[in-house]
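*Asks:* Protein chains in written order, with the numbering used here: chain A, 1 to 306; chain B, 1 to 324; chain C, 1 to 543.
Read the hints as simulated data drawn from the structure, not as lab findings. One or more of the hints may lead you astray.
Said to hold, decoys possible - Straight-line alpha carbon distances no greater than 25 angstroms define the calculated DMTMM-like cross-link-like pairs of lysine to aspartate or glutamate that follow:
#1 Lys270/C x Asp253/C
#2 Lys200/C x Glu124/B
#3 Lys509/C x Glu21/C
#4 Lys200/C x Asp219/B
#5 Lys322/C x Asp101/C
#6 Lys270/C x Asp43/C
#7 Lys289/C x Glu21/C
#8 Lys289/C x Glu162/A
#9 Lys289/C x Asp140/C
#10 Lys200/C x Asp129/B
#11 Lys200/C x Asp360/C
#12 Lys289/C x Asp119/C
What the hints assert, rightly or not - Label-pair distances were calculated between CB atoms; the ranges are:
#13 Asp345/C x Leu7/A: 38 to 44 angstroms
#14 Leu7/A x Thr361/C: 45 to 51 angstroms
#15 Leu7/A x Arg241/B: 41 to 47 angstroms
#16 His163/A x Ser175/B: 42 to 48 angstroms
This structure is a prediction, so every number in the text was calculated from the model and none was measured. Glycine included, every Cβ here is placed at the ideal spot set by N, Cα and C.
Each chain, written out:
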Amino acid sequence: MNVENWLALGGAAVLALLVVAELRRRAVTSAAGRRFFRHPTAAPGVFALAFFVTVAVAAPVVAPYPPYYQIARRENLRPSPQHVLGTDPYGRDVLSRLVYGARISLGIGALGMAVAVTVGAIVGGVAGYFRGWVDTALMRLVDVGLAMPRIFVLLMAVALTEHISLWVLVLLIGLTGWFGTSRLVRAEVLSLREREFAAAARAMGAGAGRVIFRHVLPNAAAPIIVSAALGIGSVMLLEAGLSFLGMGVPSPVPSWGNMIADGWIKMAVAPWAATFPGLAISLVVMALNAVGDALRDALDPRKEAV
Amino acid sequence: MAAWLVRRLAASIAIVLAVVTITFFVVHLAHGDPCGGGEQRPLPEEMCRRLRARFGYDQPVYVQYAKYLVALLHGDLGESLGLHRPVADALADAIPNTFTLALAALVIDFALGLALGIYQAVRERSVVDIALGNAALFVNSMPVFWLGLVVLLVFAQRLHWFPVGGLGDPVLCPSVASLPCQLDFLWHLALPALTLGLVGAAGTARYQRAAMLEVIGQDYVRTARAKGLPERRVLLVHALRNALLPFITLIGLTFPFLLTGAVLVETVFAWPGMGRLAVNAILQRDYPVVTGAALVASGMVVLGSLIADVLYGVADPRIRVRDA
Amino acid sequence: MALACVMLLGACQRRPSCIGEYCGTLVIAAAGEPDVLLSPISDRSITRDVTDQLFLKLADLGLSGNTIGDEDFQPQLAERWEWDAPTTLVFHLDPRARWQDGQPVTAADVAFTYDAYTDTIVGSPFRSSLRQIAAVTTRDSLTVVFRFRQRYPEMFYDAVYHMRIMPSHLLREVPRPQWSSTAFGRAPVGDGPYRFVAWKAGESLELAADSTFFLGRPHIRRVIWRFTPDQTVAVTQLIAGDADAIEVLVAPDNVQRACATPRLACYPYKGAQYGYLGFNLAAPGDTTKPHPLFGDRDLRRALVMAVDRERLLRTVWGDFAKVPPGPLSQLWWIWDPEIRELPYDSAQAARLLTRLGWIDTDGDGVRDKDGHPLAFRVLVPTTSAIRRQYARLLQEQYRTMGVDVQLDEVDFSLFNERSRAGRFDALINVWTTDPTPSSGFPQTWTGGGRSNYGHYDNPDVDQLVDRAVVSAGNRDQARRAWRSATETLNRDAPAVFLFATENVAAADKRVEDVRIRPDSWLALLRTWRIPVDRQTDRDRVER
């Protein structure tokens with residue numbers, strides 16, 4: 001690892017600190033913002049997320065080696081100044097793959113969740129707004145969707161296709177993850193649609209789509225945001241599980257999940273290759289959970305009075 | 001109550017049936033006939049003719065589906081393509097193992113989770129609370145299979161405190177009849193159950209702490225305190241009883257978690273349960289087993305939420321009215 | 001400590017009662033599980049290991065491994081045999097042979113077995129190995145006659161090696177299409193040194209010595225296989241003392257760890273496997289058209305020369321395999337490092353690719369021609385750590401050459417299905433070979449061969465192989481024919497031959513007389529023993 005890599009890593013940390021400081025400064029102006037940062041783990045959580053995102057974006061500068069580069073006769077090396085997190089069974093630098101893997105793992109988490117939230121919001125919005133048989137049909141569908149463990153459904157979907165691209169994987173993850181969100185949104189919409197602003201919009205002659213997406217959903221944003229923040233973590237865990245079973249992100253693209261899978265075969269002689277990506281997942285998911293908790297407290301209107 | 005229960009039960013069965021139906025059609029349409037594909041088919045023609053006659057592979061999918069349903073009513077789940085045995089037999093071998101693992105994990109999960117959550121709530125915002133809270137958050141964020149790998153490496157491979165995997169010692173304990181063999185079984189169960197239980201317990205603790213804090217802030221607890229009741233009694237009798245209510249929801253949520261976790265943990269610890277069976281079947285495209293596993297898995301999930309609902313109804317009569 | 005406690009309790013409760021020479025328990029760690037214990041149906045090596053103990057052959061290969069003629073074969077079910085004519089072989093069964101339910105083993109069982117092995121409905125993978133046998137008939141209850149289509153050096157080997165004799169009185173009533181799921185396949189009754197005790201799916205399988213076995217009582221009383229989902233766990237169980245023996249340690253780190261364990265002894269023996277990256281010369285899914293890339297012989301040659309096979313071998317195998325000079329396992333007598341093959345020469349490979357018009361015109365790092373990138377997919381089974389490793393290493397070596405390789409990692413059963421159906425560009429395959437090339441080589445590398453997944457077809461090779469197998473007058477002529485067949489094949493570059501294994505088995509040091517026949521490591525298990533003074537409580541405990 002060279003000086004510039006260390007500098008880049010330090011730079012990412014400084015940048016993350018700046019992000020936290022800036023957010024804190026802005027947060028003071030709103031009650032929700034103040035409540036957010038009052039949560040003890042909020043600031044560390046934001047810092048960790050900002051750090052990992054920066055590292056992912058700046059991967060070429062931070063990583064000392066290209067992520068695919070297999071160095072001959074350097075397989076399973078323990079951590080040293082040259083390979084700070086050691087090398088894996090293929091002679092690839094674990095840190096470099098971890099850094100590039102952040103792009104994939106965080107990306108899948110965010111995109112997968114974005115798909116899930118979008119679909120969930122639409123389905124929940126439609127069900128809650130129209131009620132009646134539409135609602136019944138959609139919610140029974142959700143019941144069925146929730147009755148199968150998601151990993152089964154995903155494994156089945158992946159196993160049925162001959163070969164899977166990263167984008168399809170993300171889409172599949174998203175399409176199996178919206179059931180919970182849609183229930184949440186439906187409940188919000190059910191109560192919101194009777195409120196004055198929705199009734200007023202309807203009276204003004206706005207169509208269903210306009211009422212749902214322009215008037216009702218924005219007011220139901222708080223629970224959606226919270227569940228999305230928490231959901232990204234669960235998607236990342238899911239990706240790791242799929243990759244572990246050999247059904248996730250295809251080689252040679254590094255993801256934290258398939259790094260664990262690649263390292264596992266030499267767990268006895270080179271435990272670092274599987275340990276560090278696992279730690280990275282745990283840290284990021286922990287940060288997401290912390291931020292999600294803080295967001296929930298911040299956005300919960302009941303806390304307004306306290 | 002009875003009418004509500006019947007309705008709820010019927011809905012549950014409908015859901016399971018829907019899952020089975022979807023699984024059945026998806027796998028059949030996607031894969032089709034193992035003897036299809038003309039010249040390039042993997043099996044010789046003579047064998048295919050027999051297979052078709054025996055399993056009805058030559059008939060339209062809806063006929064096969066009807067056949068499957070009729071057989072299902074008789075408890076016949078068909079025959080595995082890869083295991084050379086009836087699906088029901090394979091499931092019957094695997095389910096008890098997963099059930100034991102899940103039960104053990106559930107006990108660890110709830111016992112440890114409740115204790116931690118209550119303890120943290122009582123010591124709210126103390127150093128201990130914050131430390132435990134962060135630790136729980138961290139454990140709850142781990143990929144469960146990764147924790148399993150680490151635990152396996154440290155406690156089985158390095159320290160030799162626990163066995164590396166499997167259900168028991170096949171030499172001394174070919175069956176789990178005697179007391180020492182039961183101990184041996186527990187000893188083999190310890191690591192997978194702890195792995196699964198710990199991750200769950202961390203979540204339960206976070207949940208329970210929040211529920212407890214909410215209740216402590218309520219009027220009746222303040223009243224109880226004001227009346228001068230001993231703190232211990234206030235917390236354990238008045239607060240805890242009400243804080244347990246949301247906990248029931250958690251039971252329903254825990255079932256899917258345990259199932260998902262079991263899939264991965266069973267793979268790590270060579271535990272011959274449902275999860276491993278289902279994953280192998282999916283990967284090998286052994287569709288009769290996949291459909292059977294879908295039936296069992298969705299059945300377990302639905303059962304979990306049913307139990308939670310019933311418990312809720314028992315604990316809080318208001319719910320029944322609303323839910324009905 | 002917990003172990004001691006449990007073991008102590010176990011020992012107290014189950015009084016160790018077996019005393020003497022014929023005690024002993026052997027736990028074998030296995031990465032895999034039999035699908036069905038019916039030799040005509042299953043060709044998994046783990047099934048072979050178990051059925052080796054349950055069912056006998058007419059005669060078996062000697063330790064020399066010589067498959068030509070009949071001198072080096074050992075009597076098993078047949079106490080003797082003679083040649084009535086050059087193509088007529090008569091076996092006389094041992095009258096002492098009994099099925100474990102008390103019935104005698106008869107000539108009818110042999111005829112029935114031949115019928116089952118060659119029945120297309122049973123679909124035995126060994127069927128094509130029996131193609132030279134025209135008929136099997138019974139002369140009396142203990143005499144059976146084999147008639148061959150022609151005379152060739154390995155007739156006797158074909159007659160005895162592929163078939164394990166099945167009990168006709170137990171299987172005659174089972175309809176042939178239902179053989180693969182019959183109850184017999186999960187609880188077989190055999191005639192071998194061991195009898196079946198129990199099989200717990202996904203967990204373990206136990207056999208017990210048959211004390212009345214007519215060829216000699218086995219020394220080890222209980223044999224138990226522990227099934228694990230993968231090799232790493234199996235080795236770990238062995239090292240942790242949860243198992244006593246393992247067939248192969250495979251990866252060099254496993255060998256190092258196991259052989260450094262004081263309790264374990266290591267036993268190197270010749271490997272029967274070779275692995276390769278095979279190209280599909282026909283278009284995927286349509287064998288009538290050539291593959292758009294691999295139909296080109298020069299391109300294949302370039303792709304072979306681009307791979308530094310020695311380096312890959314070091315990374316994956318360390319010292320426990322060799323780069324094979326063709327589709328050869330080290331077990332074969334035709335193994336010869338002098339066989340000529342294409343060298344590793346990445347510069348030459350790059351020049352050749354450029355000459356063929358594969359140039360990176362758009363600067364994306366991948367060579368292209370007429371708008372098509374030089375890209376292909378490699379089929380790899382997820383269940384094999386070795387092949388997954390090779391896949392990743394090859395992917396990177398080709399990437400540096402400007403060749404884009406993507407992996408299709410699928411379950412083993414799906415891998416088999418797709419390779420059989422020809423639905424792949426390239427695959428990483430491994431063959432576990434017979435002790436002789438005469439059936440495996442033509443099956444895989446001649447036109448119309450049953451397992452010729454890559455559709456490699458060169459009439460010259462076919463002719464040379466035929467000469468080697470059938471018409472060669474002596475060993476030297478056969479060797480020369482094999483050598484030119486292999487060299488012709490190497491020039492056509494239908495595959496990159498990656499490794500030929502060298503095996504290391506490990507067993508607990510208390511086990512004596514561990515003799516391993518390389519083609520089937522447990523073939524001589526009944527002569528392994530645990531001397532009285534080394535027996536532990538685990539050896540003496542009753543089930």
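*Asks:* Hint compliance check: list the failing hint numbers for this structure, sorted ascending.
*Replies:* Checked against the structure, the hints that fail are numbers 2, 4, 5, 7, 9, 10, 11, 12, 14, 15, while the rest are satisfied.
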